[in-house]
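*Asks:* Per our numbering, the very first residue in the sequence shown carries number 188; after that it's consecutive.
Any given hint could turn out to be false.
Each pair of labels, with its calculated beta carbon distance range [said to hold, decoys possible]:
1) P552 / G427: 42 to 50 Å
2) Y536 / A352: 30 to 38 Å
3) T416 / G539: 41 to 49 Å
4) R501 / L424: 36 to 44 Å
5) S350 / D281: 27 to 35 Å
6) L283 / L424: 56 to 64 Å
7) R214 / A413: 37 to 45 Å
8) D443 / D572: 54 to 62 Å
9) D306 / T547: 52 to 60 Å
10) L394 / E473: 17 to 25 Å
11) V480 / R214: 45 to 53 Å
12) D343 / V249: 22 to 30 Å
13) P552 / L283: 44 to 52 Å
14) L283 / S380: 55 to 63 Å
The hints are simulated quantities; they were obtained by calculation from the structure and are not laboratory data. Only a predicted model underlies this, so the values are computations on that prediction, with no experimental measurement involved. Beta carbons: idealized from backbone N, C-alpha and C, even for Gly.
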Amino acid sequence: MATTAGAWPGPAREGPGPDAEPAVLERELTEAVLAGAEYSDVLRALLRATGRHVRLLSAEGVPLAATDGGAGVPAAVADGVLAGVAGPVVDTLDGLRATALPVRAGTTVAGVLLTVGADDPRVRALARAAFTALLIGTVRAGDDSAGVSAQHTPADVVAALRSGAVSRSVCVAAAGLGIDPQRPPAGAVLHYSGSRLRAWSTALAWLEHPLQQEGRTAWTVVPDEAVLTRLQSRLRLMTGDESADHVVAASGSRPDSPGGLARSFAEAERLLGLARAQHVPLLTFESCGVVQVLLPLPRARLEAYAETHLGPIRQRPELMATLRAWLAERGSRQSVSELLHLHRNSVGYRVGQIKNLLGTDPLLPAASAELHLALTALDLLAADDRQMRGDDEPVPAGR
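Working from the sequences, and respecting the hints, build out all of it.
*Replies:* Shown next, in the form of structure tokens:
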């Protein structure tokens with residue numbers, strides 16, 4: 188769309204005034220653009236309606252049209268606004284404070300709309316009323332933003348979402364894959380431990396779901412647990428592997444912005460390690476209970492917590508295995524005896540040692556909760572270690 192001034196089409200040649208309502212303004216601006224109005228006409232109408240100077244910037248932050256001839260914003264700022272990870276209040280390159288709004292719909296991107304001055308809800312509402320008109324103008328001008336998605340394969344998009352490098356073009360490509368950047372799904376990861384690697388790769392290729400594969404592991408995004416379960420089931424069926432445990436899946440929390448997907452993927456990877464250590468086929472952020480508290484913690488904090496609550500027995504594998512079984516079987520000596528292939532008296536002797544060394548009864552509610560959490564912290568640490576080593580072997584349960 189050209190940026191030169193043009194007459195306001197239609198009977199109301201001066202355009203909407205300062206008393207305009209957003210719904211009325213949107214209708215009038217849309218009708219004006221359909222009748223031939225330019226970007227500059229729309230911005231002047233916004234100036235009259237809001238009392239604020241207005242600037243339309245490209246995806247790189249460069250002014251396409253402005254009512255005051257002012258400057259834009261750094262490219263990184265514009266990119267962040269379009270990706271939903273920056274704004275609405277920004278500083279322009281000519282030193283003014285402004286409210287920045289992304290003007291986009293699906294794969295069509297008109298740019299960033301700035302209203303100069305302090306943030307104000309009414310001004311924002313009036314500015315949003317211009318979105319339809321600006322997007323129509325973009326399509327009419329043959330803007331090539333909708334073609335940006337061709338630059339990125341589905342694997343590229345997932346890789347970018349994993350890394351947190353969410354550019355405007357990635358958001359456009361993601362939208363083309365059905366991923367709404369304004370309501371991002373959760374990061375998810377699937378791992379195959381069977382022997383049919385060729386069948387695994389073929390199955391992933393046939394999923395018709397955006398993903399990134401590296402050997403036995405594949406990353407993707409899912410809106411909920413039902414979709415992840417369905418993907419897992421299809422992969423099990425398509426690999427033809429007899430063991431249902433050979434495809435393990437996990438997903439992180441739902442982020443509130445595209446940039447938050449990197450955290451969601453990190454959560455999913457940690458939960459995958461925990462699922463494999465605990466021989467659980469599927470583990471999601473929503474279903475992992477108190478583990479949610481541990482996921483954001485760095486190694487040092489996890490180590491300290493585990494040492495505080497398990498230190499006296501941590502280097503005694505037989506006592507660690509007994510404690511896990513004792514907690515899992517809720518103090519049933521017979522069940523633990525059968526699980527660990529021990530005589531009942533041996534179980535009683537080990538439990539007595541655990542109580543003496545830890546200074547508490549593991550079955551007391553408070554102690555049980557702390558010990559469960561400490562054991563899970565060890566599982567997370569073990570999973571992190573395995574990921575760093577690239578080790579595909581199971582983690583010993585008694586660590």
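*Asks:* With reference to the structure, classify each hint as holding or not holding.
*Replies:* Hint-by-hint comparison with the structure:
As the Cβ distance of P552 to G427 is approximately 46 Å, the hint placing it in 42 to 50 Å holds. Between Y536 and A352 the beta carbon distance is about 56 Å. The supplied range of 30 to 38 Å is therefore violated. Look at T416 against G539: about 43 Å separates their beta carbons, and that is inside 41 to 49 Å. Between R501 and L424, the C-beta spacing of about 41 Å keeps the proposed range 36 to 44 Å intact.
Distance hint for S350 and D281: a CB-CB separation of about 33 Å, consistent with the stated range 27 to 35 Å. Distance hint check for L283 and L424: the Cβ-Cβ separation is about 59 Å, which falls inside the suggested range of 56 to 64 Å. For the pair R214 and A413, the supplied restraint of 37 to 45 Å holds, since their beta-carbon distance comes to about 40 Å. One distance hint, 54 to 62 Å for the beta-carbon pair D443 and D572, is violated here, with the actual separation near 31 Å.
D306 and T547 have their C-beta atoms about 54 Å apart, which keeps the hinted 52 to 60 Å range intact. Separation of L394 from E473 is about 23 Å and conforms to the stated range, judged on CB atoms against 17 to 25 Å. For V480 paired with R214, a C-beta distance near 50 Å keeps the hint of 45 to 53 Å intact. Roughly 25 Å separates the CB atoms of D343 and V249, a value that falls within the hinted 22 to 30 Å.
Take P552 and L283: their Cβ atoms lie about 59 Å apart, and the range 44 to 52 Å is violated. Taking 55 to 63 Å as the suggested C-beta distance range, the pair L283 and S380 conforms, at roughly 57 Å.
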